[in-house]
Amino acid sequence: MRNSFNTASFSEVVHEIREDASEGLFRYVGRARHSPLRGLSAEVGPAMFGRVKSARRFTYALRDPFTPVTTSDTDEPTPIDLALTGIGSCSLMTLVGGGSAKGIVFDAVSVDLTCDHADKAPVTLDFAIDAEIRDERIDELIQRVRQRSPNYATLVAAVPVHWAWEPSTAPTRRGEPADPTRSRRSPARPGTRHLRWLSGPQSESFAHPFSAAATALRVDNPKQLTGVDWGPNPQEYLMMGYAAEVAAHLGAHSRSRLGHEAIWEVTARCTEDVSGLLRADPAAVVHLQDVGCRVSMSSPAASHARSIGDIEELVDEAVSTSAIGRLISEPQIVDMAARRPASSPSAR
Amino acid sequence: MDRTAIGFGEGHTPGAEWFDELRRRRIKGPISTQNRSLSRSLAPETLAVHAGTYEDPITGAVGTPIFQTSTFLLDQASYDAFADGALRDVPIYSRYGNPSQWSVQEKIAALEGAESAVATSSGMAAIAATVYALTNCGSHIVSAYDVYGGTYNLLREDMPSAGRDVTFVDPLDLDAIRAAVRPETQLLLFESLTNPMLKAPDIRGLARIAEEAGALLVIDNTFLTPINVRPLDLGADIVVHSATKYLGGHSDLTAGVATGRRKFVDRIWAQVLRFGGTLDPLVCFLLERGIKTLALRIRVQNENAVALAGYLASSPYVEAVHHPALGGKGHEALRPEDYRGFGGMVGFEVAGGDERALRFMSHLTLPYVATSLGGVESLVSMPANTSHSSLTRRQMSTIGINPGLIRFSVGIENVGDLVEDVQTALKTACEVEDR
Ligand SMILES: Cc1ncc(COP(=O)(O)O)c(C=O)c1O
Numbered sequence: 009m010r011n012s013f014n015t016a017s018f019s020e021v022v023h024e025i026r027e028d029a030s031e032g033l034f035r036y037v038g039r040a041r042h043s044p045l046r047g048l049s050a051e052v053g054p055a056m057f058g059r060v061k062s063a064r065r066f067t068y069a070l071r072d073p074f075t076p077v078t079t080s081d082t083d084e085p086t087p088i089d090l091a092l093t094g095i096g097s098c099s100l101m102t103l104v105g106g107g108s109a110k111g112i113v114f115d116a117v118s119v120d121l122t123c124d125h126a127d128k129a130p131v132t133l134d135f136a137i138d139a140e141i142r143d144e145r146i147d148e149l150i151q152r153v154r155q156r157s158p159n160y161a162t163l164v165a166a167v168p169v170h171w172a173w174e175p176s177t178a179p180t181r182r183g184e185p186a187d188p189t190r191s192r193r194s195p196a197r198p199g200t201r202h203l204r205w206l207s208g209p210q211s212e213s214f215a216h217p218f219s220a221a222a223t224a225l226r227v228d229n230p231k232q233l234t235g236v237d238w239g240p241n242p243q244e245y246l247m248m249g250y251a252a253e254v255a256a257h258l259g260a261h262s263r264s265r266l267g268h269e270a271i272w273e274v275t276a277r278c279t280e281d282v283s284g285l286l287r288a289d290p291a292a293v294v295h296l297q298d299v300g301c302r303v304s305m306s307s308p309a310a311s312h313a314r315s316i317g318d319i320e321e322l323v324d325e326a327v328s329t330s331a332i333g334r335l336i337s338e339p340q341i342v343d344m345a346a347r348r349p350a351s352s353p354s355a356r
Numbered sequence: 098m099d100r101t102a103i104g105f106g107e108g109h110t111p112g113a114e115w116f117d118e119l120r121r122r123r124i125k126g127p128i129s130t131q132n133r134s135l136s137r138s139l140a141p142e143t144l145a146v147h148a149g150t151y152e153d154p155i156t157g158a159v160g161t162p163i164f165q166t167s168t169f170l171l172d173q174a175s176y177d178a179f180a181d182g183a184l185r186d187v188p189i190y191s192r193y194g195n196p197s198q199w200s201v202q203e204k205i206a207a208l209e210g211a212e213s214a215v216a217t218s219s220g221m222a223a224i225a226a227t228v229y230a231l232t233n234c235g236s237h238i239v240s241a242y243d244v245y246g247g248t249y250n251l252l253r254e255d256m257p258s259a260g261r262d263v264t265f266v267d268p269l270d271l272d273a274i275r276a277a278v279r280p281e282t283q284l285l286l287f288e289s290l291t292n293p294m295l296k297a298p299d300i301r302g303l304a305r306i307a308e309e310a311g312a313l314l315v316i317d318n319t320f321l322t323p324i325n326v327r328p329l330d331l332g333a334d335i336v337v338h339s340a341t342k343y344l345g346g347h348s349d350l351t352a353g354v355a356t357g358r359r360k361f362v363d364r365i366w367a368q369v370l371r372f373g374g375t376l377d378p379l380v381c382f383l384l385e386r387g388i389k390t391l392a393l394r395i396r397v398q399n400e401n402a403v404a405l406a407g408y409l410a411s412s413p414y415v416e417a418v419h420h421p422a423l424g425g426k427g428h429e430a431l432r433p434e435d436y437r438g439f440g441g442m443v444g445f446e447v448a449g450g451d452e453r454a455l456r457f458m459s460h461l462t463l464p465y466v467a468t469s470l471g472g473v474e475s476l477v478s479m480p481a482n483t484s485h486s487s488l489t490r491r492q493m494s495t496i497g498i499n500p501g502l503i504r505f506s507v508g509i510e511n512v513g514d515l516v517e518d519v520q521t522a523l524k525t526a527c528e529v530e531d532r
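For the protein sequence lines, the chains are Y and W, in the order given.
Residue numbers are given in the working numbering: position 124 of the first sequence equals residue 132, and the series is strictly consecutive.
Residue numbers are given in the working numbering: position 270 of the second sequence equals residue 367, and the series is strictly consecutive.
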């Protein structure tokens, strides 16, 4: 197994979905919850890989981006940390997996990501690739990430996002976010992440390159897809981040807008046609599809002071001001670069 | 002559530029060109004899040789297998694969109508590997409260610490099974015929629930064997066996098997090799030889069990008889068209309770009093003091184990001799000694 990447299994998946395209549709769920008492948390829901379910349990206590930082809790990730972990790990998996299919042996690969949410400011991905290959091959690999990484493709495309509110009494409401140019900007702080590839589809994500001793976010494929369930996969990180950011917004504005605290639960979903990544079908869409979130609320206050209209307005605002939602729905400018680490023998 | 699995060589793609140019695909097996590969549409009697046989090109041996070796010479194919991660397709080390395993695996896969099978060191090794391989930490399993004790213990005692939640239900109650399903339900695990009440759950109904839930249906087909029912044809995803029982058929080996689509069996195989539950080549040979007569044995055992159940139903010393052919409670929804027979098991309650049942067993001259089942010789035992002894009386009666219950595994002896022996033993236990 080159780079511990089971290319035989990926090959089998390619042939399976050429025979039955529905086996290539992967569905992911990220859930988040904001409670006045317990704060912000996120978890993955059961994923479907074609007709096979993968139900893993990964739960994260998150730092609420709307709450001022205290010195003691800076280790906890924020929603944007989860989202950047999803984008970075997807690009790493595409690069190392695709490189393994080509027979390239990697000694080390890492990527640094930044995202500061300012208008027109690019999202940056800087790879460090240590492998005995020529520079043209490195450029080719980076090009492949641009073309084939589902989360990267989602970043640079305009992917529609839908939401639905699920009150227990009224029918489910659906909508598309209000015009993003009209909506207020999210208070999300700039994000930076350092990810390093470990083996096969596994990588680790750190707050910055020098924090390797701090708690890492672990990324892996599920065991249904050649991973070992060591952590959520890249799409699940993106969905958890998105759900968590929306939940945080709802939690932060509940009292001022609705007159009461509430427990908010947000479920974000997406579909990935893995034919796009694998190029099993050259016409397949690479970016995520059917992205949406479903919001529900339970309030300790017996009767809600405000109307359903107020709640819907708040949900709409939470969805449309979400910085992660915008990373998905608005095409981003991305600066991607690759270098060899200074110590790499092949760089000399 | 190629010792690797069919398709292995064609799957190797050194010059690929991306995933789409990789050529390895899942094909049935693993089998090599030496293994006899027969159409799954042939009758089971034929498949039982011929499917999978390793036809040795050097000696012309009629029958699979015993490849009693733990390791194999390394060659380029072995190194390619390591590089790609296709280790199931080249004999490298017997825990990973051995021609004796491939041969018996192909025979069982052919009989169950499957793409692939993996032979294991016991039925429990097959069940444990299947459950672990096909579920994740954080998932949910639905099974029957009266599954085989070893399976029940695995689900009850190992799954909580492994992060799998299990709900136990009545396997005949489809509504209860549907209600037990959750978003994270990943596996439904049931037996085609239960022990000792011989309940036959509606496999088609279970398969529908599994499909709606996005879950996999695993059927333990130990009691019925592929001769009587093929669960994969009815919608199951995986079939497991204690091959110790009917497949081996002679009470002389311990083995198991998991079979189904290669996609799933490859994952079970990987779990088996990590848990270490591989089947030894010599036992593979014994199992393969045993299966050659499976269809014959099962036909006789089906008939003997029906005859014995018929006699018992008319005996004044018997309170109740459990056998699907007699119909009655629990068998209302049975679809006879899905079965060729119901195997050699009969459950019955000796009137007067456990004391008399024990006495009855001690007066039998032909069957042995022993646990296990499925061999050519008849065996009798009482669930209350063996497989189900850990249950309280009330728990036993909930699942139908009433005082005096005997489990009779009917062999291939002459049924007249068996009935006469049972008749005499019952009379002695219930009349003579009561006086
Ligand atoms: C239905 C059933 N499944 C599984 C097993 C376990 O098989 P083994 O004893 O070969 O491990 C048994 C054994 O009695 C059984 O009856």
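It should be emphasised that the hints constitute simulated quantities derived from the structure, not laboratory data.
Worth double-checking, as some hints may not be accurate.
What the hints assert, rightly or not - Computed, partial: chain W to chain Y, Cβ under 7 Å:
#1 115
#2 117
#3 123
#4 124
#5 125
#6 183
#7 235
#8 236
#9 276
#10 309
#11 404
#12 407
#13 408
#14 435
#15 436
As the list claims (entries may be wrong) - To spell it out: a stretch of chain W is covered by chain Y in this simulated footprint if at least three of its residues, at any positions, have a beta carbon under 8 Å from a beta carbon of chain Y; those stretches are:
#16 209 to 220
#17 323 to 335
#18 473 to 486
Unchecked claim - Anything over 10 Å on all C-beta distances counts as not near chain W; from chain Y, calculated:
#19 20
#20 24
#21 47
#22 237
#23 287
Yeah, the Cβ is synthetic: ideal placement off N, Cα and C, and Gly gets one too.
Practice prompt. Mind taking a look at whether chain Y covers the stretch 209 to 220 of chain W? Criterion is 3 or more residues with CB to CB distance under 8 Å.
Written response: violated (count 0)
Item to complete: Between the stretch 473 to 486 of chain W and chain Y, see if three or more residues pass the 8 Å beta-carbon test, and mark the coverage as holds or violated.
Response: violated (count 0)
Item to complete: Mind checking the CB of residue 276 of chain W against every CB in chain Y and telling me if the closest is under 7 Å?
Response: violated (18 Å)
Worksheet item: Taking 7 Å as the limit, does the beta-carbon of residue 235 of chain W come near enough to a beta-carbon in chain Y?
Response: Check passed: Cβ of residue 235 of chain W comes within 3 Å of chain Y, closer than 7 Å.
Worksheet entry | Nearest-CB test (10 Å) between chain W and residue 47 of chain Y | At about 22 Å from chain W, residue 47 of chain Y clears the 10 Å cut-off, so the statement holds.
Worksheet item: Hint check: is the beta carbon of residue 125 of chain W less than 7 Å from a beta carbon of chain Y?
Response: Check failed: Cβ of residue 125 of chain W comes no nearer than 13 Å to chain Y, outside 7 Å.
Practice prompt. Quick one: see if chain Y covers the stretch 323 to 335 of chain W, three-plus residues with Cβ-Cβ under 8 Å.
Written response: violated (count 0)
Worksheet item: Would the hint on residue 115 of chain W stand, with a C-beta cut-off of 7 Å toward chain Y?
Response: At about 5 Å, which falls below the 7 Å cut-off, the nearest Cβ of chain Y leaves the hint on residue 115 of chain W intact, so it holds.
Worksheet item: Non-interface claim for residue 287 of chain Y: all C-beta distances to chain W beyond 10 Å?
Response: violated (4 Å)
Worksheet item: Can we keep the residue 407 of chain W interface hint, with Cβ of chain Y closer than 7 Å?
Response: This interface hint is violated because 44 Å lies over the 7 Å limit.
Fill in: Hint status (Cβ of residue 408 of chain W to nearest Cβ of chain Y, threshold 7 Å)
Violated - the Cβ of residue 408 of chain W stays beyond 7 Å from chain Y, reaching only about 48 Å at its closest.
Practice prompt. Mind checking the CB of residue 236 of chain W against every CB in chain Y and telling me if the closest is under 7 Å?
Written response: holds (4 Å)
Hints 4, 5, 9, 10, 11, 12, 13, 14, 15, 16, 17, 18, 19, 20, 22 and 23, counting from the list given before, are not met by this structure.
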